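J.: This is what each chain is made of:
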Amino acid sequence: DAGVIQSPRHEVTEMGQEVTLRCKPISGHDYLFWYRQTMMRGLELLIYFNNNVPIDDSGMPEDRFSAKMPNASFSTLKIQPSEPRDSAVYFCASSLEGLAGWYNEQFFGPGTRLTVL
Amino acid sequence: AQSVAQPEDQVNVAEGNPLTVKCTYSVSGNPYLFWYVQYPNRGLQFLLKYITGDNLVKGSYGFEAEFNKSQTSFHLKKPSALVSDSALYFCAVTLTDSWGKFQFGAGTQVVVTP
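Here the protein sequences line up with chains A and B, keeping their order.
First residue of the first sequence: 657, per this note's numbering; consecutive thereafter.
First residue of the second sequence: 923, per this note's numbering; consecutive thereafter.
It is worth saying that the hints were derived from the structure and are not from the lab.
Note that this is a predicted model, so its numbers are computed, not measured.
Some clues are possibly wrong.
Once the Cα atoms are required to be at most 25 Å apart in a straight line, the calculated DMTMM-like pairs of lysine to aspartate or glutamate come out as [as the list claims (entries may be wrong)]: (1) B:Lys1023 / A:Glu761; (2) B:Lys1023 / A:Glu700; (3) B:Lys971 / A:Glu700.
Using the sequences and the accompanying hints, generate a full structural model.
T.: Written as structure tokens, this is what we have:
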């Protein structure tokens, strides 16, 4: 398995532009997570999906951020308009819910390093 | 609300010596606890987890952790550290009745010197 795939790996954009980050989870996984990592705030959970349905988006910082999961193999995180304070590494992760309440670990993608100038 | 604390920003240890990375948690319910490791410019990699059962959990690369409910701790340990263990370590918690809502600690940088 190729693992969790994220694209692009690096993104440099100017303030005010729209940014779209992409994620392909591991095939068969039913949970998908978006995280943001910065030096100041550490690793923050932004939103997570179960079976393509958003379960909790309370970590999404502002209305400028939106996430979708149109099918089991693809998710996007969009920032519109982008601001310099959005500069961070964004990680996607997926996991598989086990049987009888046994929960499995998350598998993380390599991340997208976003720089907003 | 749930929270995770990693009280040490950095842990320094000589190769061959025991390594301990501390983690304490605060939850209102039954926790699921995880340890992950992050190497430079990489995503996080799973090391081990506590879900239920035996309080001593063994994981990848010779790491283990002990769940202590009374002290609300889940410290990561390795009997003999390697230089290759130098990395950033994260403790994470989620609840049994709200699976998915993960809270990660701030991370502890481990430096193992030859």
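J.: With reference to the structure, classify each hint as holding or not holding.
T.: So, going through the hints one by one against the coordinates:
With a CA separation close to 13 Å, the supplied pair B:Lys1023 and A:Glu761 stays within the 25 Å bound. Of the supplied pair hints, the one linking B:Lys1023 and A:Glu700 holds, its CA atoms being roughly 10 Å apart against a limit of 25 Å. Annotation: proposed proximity of B:Lys971 to A:Glu700 holds, straight-line Cα distance about 19 Å (limit 25 Å).
Checked against the numbered hints above, the structure violates none of them.
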